[in-house]
Amino acid sequence: MMQLALEVGQTATPEAVMFWILGPLAVLAALGMLLVKKAVHSAILMAFVMVVLAVFYIAQDAVFLGIVQVVVYTGAVMMLFLFILMLVGVDSSDSLTETIRGLRPIAITAAIGFGGLMVSLLGRATLGRDAIGLSAANADGNVEGIGYLLFSRFVWPFEVISALLITAALGAMVLAHQPRSSKKTTQRQQSINRFRGESIATAAGLPAPGVYARHNAVDVPALLPDGTPAPNSVNASLKARGDMLDSNTFDLKKISTQVEEEK
Amino acid sequence: MDASNYLYISALLFTIGAVGVVVRRNAIVVFMCIELMLNAANLSFVTFSRINGNLDGQVMAFFTMVVAACEVVVGLAIIVAIYRSRRSASVDDASLLKR
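Protein sequences, first through last, are from chains Z and Y.
Numbering-wise (this note's numbering), the first sequence opens with residue 1 and increments by one.
Numbering-wise (this note's numbering), the second sequence opens with residue 1001 and increments by one.
One or more hints might be untrue.
Not close to chain Y: a few residues of chain Z, all C-beta gaps over 12 Å, as computed [what the hints assert, rightly or not]:
#1 Ala43
#2 Ala54
#3 Thr97
#4 Gly115
#5 Met173
#6 Phe195
#7 Ile200
#8 Ala217
#9 Asp219
#10 Leu224
#11 Gly242
#12 Met244
Covered by chain Z, according to a simulated footprint, are these stretches of chain Y (three or more residues, beta-carbon under 8 Å) [said to hold, decoys possible]:
#13 1037-1050
#14 1073-1086
Worth flagging that the hints you see were computed from the coordinates, not collected in a lab.
Beta carbons are placed, not taken as given, at the ideal position from N, Cα and C, and that holds for glycine.
With the hints as constraints, model all of the structure from the sequences given.
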């Protein structure tokens, strides 16, 4: 009987081993989150902390929450974080330099004070009785127990949560929405622009590079029917890089005169 | 091992998250630290659920998760909106009211 009373308040040995391995690791990962420079590394350490918490939940007979923790937090939320991180990119805000003078010592002092207060409070607090454990509450199964509570006593908060979710989805859409700065050109407008543009010659599109030239490479301008080279047949980025061969080298008239001179 | 050891870890994680919110400048990292604080609170809920022998704490943790998911969606949308207008995700750069 005495042994039983002891066992209720104490957790089993495998759980203690698990706790003393994973607990310090979680705290170290959380500290690393503050200390690493890159936000991506912070995100990965955060995911690790979340997985450790999921293990803790399962160890404490909260199987449903443990699975939800993995699926929702490490699965959805952290992936969303990484997605936005990739979208926004890495910028100077990743650096750890202090912008407000004296902020860091004050923050660390306050944290030590707060943490010490919490820990000492928890150390002094007595619950009045031993931990009961969830074996009775989970008799029908953890999911069944939570489901029963959700749809009986907590049905009203559950309904309110749905309103919150819809509001959050709408809010995200409104916040991320960007109105067009210029009017979208229709296909009709594009056609008019092409024919009434600077030249009717390019209405059917620009000439392809290398056509009728001596070389059919992309860096050689095409020759027009009258033998003059067309520089706009070469890709603009090739031109900007200076990779375009000189059009005059491939002028048909010059080539023919060269050939005649050779004769 | 006592079940209240989980409460100590929860307190530590919460404190670390609070320091991160104050110290870090990247808005996304600040957000992750807020998530860490919410997670620490969840761990407390689950532990108290076990100590008290009923599932109310677990239901509360479940609700906290939903609220955290909503918060992440709206918060990241705000970060994207700020990034679009200011080309920076630093919380120090968005100080329009100061100047």
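Status of each hint after checking the structure:
With 12 Å as the threshold on Cβ separation, the claim that Z/Ala43 sits away from chain Y is violated: the shortest Cβ distance comes to roughly 6 Å. Residue placement check: Z/Ala54 does not keep its beta carbon more than 12 Å from all beta carbons of chain Y (closest about 10 Å). Under the 12 Å C-beta cut-off, the non-interface status given to Z/Thr97 relative to chain Y is violated; the minimum distance is some 8 Å. With a closest Cβ-Cβ approach of about 4 Å to chain Y, Z/Gly115 is found to fall inside the 12 Å limit, against its non-interface label.
Remark: the non-interface label on Z/Met173 conflicts with the geometry, its nearest Cβ contact in chain Y lying 8 Å away (cut-off 12 Å). Its beta-carbon lying about 36 Å from the closest one in chain Y, Z/Phe195 satisfies the requirement of being farther than 12 Å from that chain. The claim that Z/Ile200 is not at the interface with chain Y holds, since no C-beta of that chain comes within 12 Å of its own (minimum 40 Å). Against the 12 Å criterion, Z/Ala217 stays outside the reach of chain Y, whose nearest CB is about 40 Å from its own CB.
For Z/Asp219, the condition that its CB be more than 12 Å from all CB atoms of chain Y holds, with the nearest at approximately 35 Å. With 12 Å as the threshold on Cβ separation, the claim that Z/Leu224 sits away from chain Y holds: the shortest Cβ distance comes to roughly 44 Å. At roughly 31 Å, the least C-beta separation between Z/Gly242 and chain Y is larger than 12 Å, which holds for a residue marked as non-interface. Annotated as non-interface, Z/Met244 keeps its C-beta farther than 12 Å from every C-beta of chain Y; the closest such distance is 34 Å.
With 7 residues having a Cβ less than 8 Å from any Cβ of chain Z, the region 1037-1050 of chain Y passes the three-residue criterion, so the hint holds. Judged by the Cβ-Cβ criterion of 8 Å, the region 1073-1086 of chain Y is covered by chain Z as claimed, because 10 of its residues qualify and three suffice.
Violation of the numbered hints given earlier is confined to hints 1, 2, 3, 4, 5; the remaining hints are satisfied by the structure.
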